[in-house]
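Chemist: Sequence:
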Amino acid sequence: VRMLDNVIDINYYSVPQAKTSNLRHRPIGMGIMGFQDALYAQRIPYSSDKAVEFADVSMEIISYYAIQASTNLAEERGRYESYDGSLWDQGILPIDSLKMLREERGADYIEINLEQRLDWDSLRDRIKQTGMRNSNVLAIAPTATIANISGVSQSIEPTYQNLYVKSNLSGEFTVVNPFLVRDLKKLDLWDSVMVNDLKYYEGSVQKIDRVPDDIKHIYATAFEVEPRWLVDAASRRQKWIDQAQSLNLYVAGANGKKLDIMYRMAWLRGLKTTYYLRALAATTTEKSTVSDNSLNKVSSEAAPVPMACSLDDPDCEACQ
Numbered sequence: 001v002r003m004l005d006n007v008i009d010i011n012y013y014s015v016p017q018a019k020t021s022n023l024r025h026r027p028i029g030m031g032i033m034g035f036q037d038a039l040y041a042q043r044i045p046y047s048s049d050k051a052v053e054f055a056d057v058s059m060e061i062i063s064y065y066a067i068q069a070s071t072n073l074a075e076e077r078g079r080y081e082s083y084d085g086s087l088w089d090q091g092i093l094p095i096d097s098l099k100m101l102r103e104e105r106g107a108d109y110i111e112i113n114l115e116q117r118l119d120w121d122s123l124r125d126r127i128k129q130t131g132m133r134n135s136n137v138l139a140i141a142p143t144a145t146i147a148n149i150s151g152v153s154q155s156i157e158p159t160y161q162n163l164y165v166k167s168n169l170s171g172e173f174t175v176v177n178p179f180l181v182r183d184l185k186k187l188d189l190w191d192s193v194m195v196n197d198l199k200y201y202e203g204s205v206q207k208i209d210r211v212p213d214d215i216k217h218i219y220a221t222a223f224e225v226e227p228r229w230l231v232d233a234a235s236r237r238q239k240w241i242d243q244a245q246s247l248n249l250y251v252a253g254a255n256g257k258k259l260d261i262m263y264r265m266a267w268l269r270g271l272k273t274t275y276y277l278r279a280l281a282a283t284t285t286e287k288s289t290v291s292d293n294s295l296n297k298v299s300s301e302a303a304p305v306p307m308a309c310s311l312d313d314p315d316c317e318a319c320q
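Just so it is clear: in the sequence shown, position 170 is 170 by the UniProt record's numbering, and no numbers are missing.
Derived by calculation from the structure, the hints in this document are not laboratory data. Hints may be right or wrong, so weigh each one.
Below, in silico cross-link-like pairs of lysine-lysine (DSSO-like), each with a Cα-Cα straight-line distance of 30 Å or less [claimed, not checked]:
(1) K50 / K258
(2) K166 / K199
(3) K166 / K186
(4) K186 / K19
(5) K216 / K199
(6) K185 / K99
(7) K272 / K128
(8) K99 / K50
(9) K207 / K258
(10) K128 / K207
(11) K166 / K185
(12) K50 / K19
Remember, predicted model here, so these are calculated numbers, not experimental data.
My request is simple: use the sequences and hints to build the entire structure.
Modeler: Pasting the structure below:
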């Protein structure tokens with residue numbers, strides 16, 4: 001929070017209006033990345049009640065201490081200029097805004113969990129005494145580029161594939177889920193045949209017979225996780241976030257009925273917005289069996305460069 005607040009002061013602004021606005025309101029948007037890695041470390045499948053509970057608990061802790069950090073900065077550096085009359089000034093925290101939404105819609109049109117574990121009343125009193133340094137504090141961004149730099153999973157995203165070929169100016173190389181490799185090595189299942197199976201099944205372990213069911217459950221990829229689990233986890237986070245989340249939704253075999261159910265569920269759960277809707281292509285490239293046992297074998301032929309931005313590319317910097 002301190003670092004992001006510093007950025008407001010040292011940033012380059014292309015137009016004076018942007019500088020004036022930022023210095024007046026001092027909004028920041030601290031988010032998270034590596035959520036899927038945290039689930040792997042605890043051996044929790046994304047499609048589970050435990051994952052939803054972890055999303056709730058972890059975001060509450062992050063939110064509490066991020067807001068507290070902004071109050072500490074307000075005491076040290078002063079409140080943001082437009083603080084008076086703001087929601088913070090009125091003692092309204094993110095979870096309170098959901099309560100207001102329920103009152104406005106009616107209890108039949110919102111299904112939210114308002115459970116809390118930390119002492120939010122004392123933090124609310126602290127805000128009344130010292131104010132806030134920042135008008136906005138939390139927002140979950142896609143983090144595609146910085147997650148790659150940091151070596152963690154992107155944002156709150158489920159793993160897209162357990163094995164894929166990444167291309168950059170240095171060439172092409174095979175990337176494998178290190179958590180999956182670790183678990184398969186423990187079971188003495190990691191070998192060249194497994195690598196080729198993962199390539200054949202496009203990074204999925206669901207159709208590889210010798211992989212145990214518990215491993216299949218933990219390492220389900222994005223299109224193998226029911227969208228309702230993504231929505232439920234996001235709903236638990238939303239009550240702690242004053243802004244919104246870049247929530248991508250993945251649907252295999254998308255149709256009008258599925259999308260209607262999914263977006264109604266997101267609305268009922270109190271989400272402010274969603275991000276991309278990703279659907280599986282109607283056709284996939286023709287596969288053939290691999291005749292040799294070489295590891296990390298990548299075609300030497302360069303793939304054709306698409307003439308348009310692909311929504312299936314999580315690293316598209318235009319979307320960051």
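Chemist: Now tell me if each hint is right for this structure.
Modeler: So, going through the hints one by one against the coordinates:
1. A threshold of 30 Å between alpha carbons decides the hint, and for K50 with K258 the separation of about 25 Å falls inside it, so the pair holds.
2. Annotation: proposed proximity of K166 to K199 holds, straight-line Cα distance about 13 Å (limit 30 Å).
3. Taking the CA atoms of K166 and K186, the gap is near 26 Å; set against the 30 Å cutoff, the hint holds.
4. Distance restraint check for K186 and K19: the Cα-Cα separation of roughly 54 Å exceeds the 30 Å cut-off, and the hinted pair is therefore not satisfied.
5. For the hint pairing K216 with K199, the CA-to-CA distance comes to about 16 Å; that is within 30 Å, so the pair holds.
6. For the given pair, K185 sits about 48 Å from K99 by alpha-carbon distance, which is inconsistent with the 30 Å threshold.
7. Proximity of K272 to K128 is assessed by CA-CA distance (about 26 Å); at most 30 Å being required, the pair is judged to hold.
8. For the proposed pair K99 and K50, the alpha carbon gap of about 24 Å is at most 30 Å, so the pair holds.
9. Distance hint between K207 and K258 is fulfilled; the C-alpha atoms sit about 24 Å from each other, no more than 30 Å.
10. Proposed proximity of K128 and K207 is contradicted: the alpha carbons are some 56 Å apart, above 30 Å.
11. Our distance criterion of 30 Å between C-alpha atoms is met by K166 and K185, whose separation comes to about 23 Å.
12. Taking the CA atoms of K50 and K19, the gap is near 43 Å; set against the 30 Å cutoff, the hint is violated.
Hint compliance for this structure: hints 4, 6, 10 and 12 are not met, and every other hint is.
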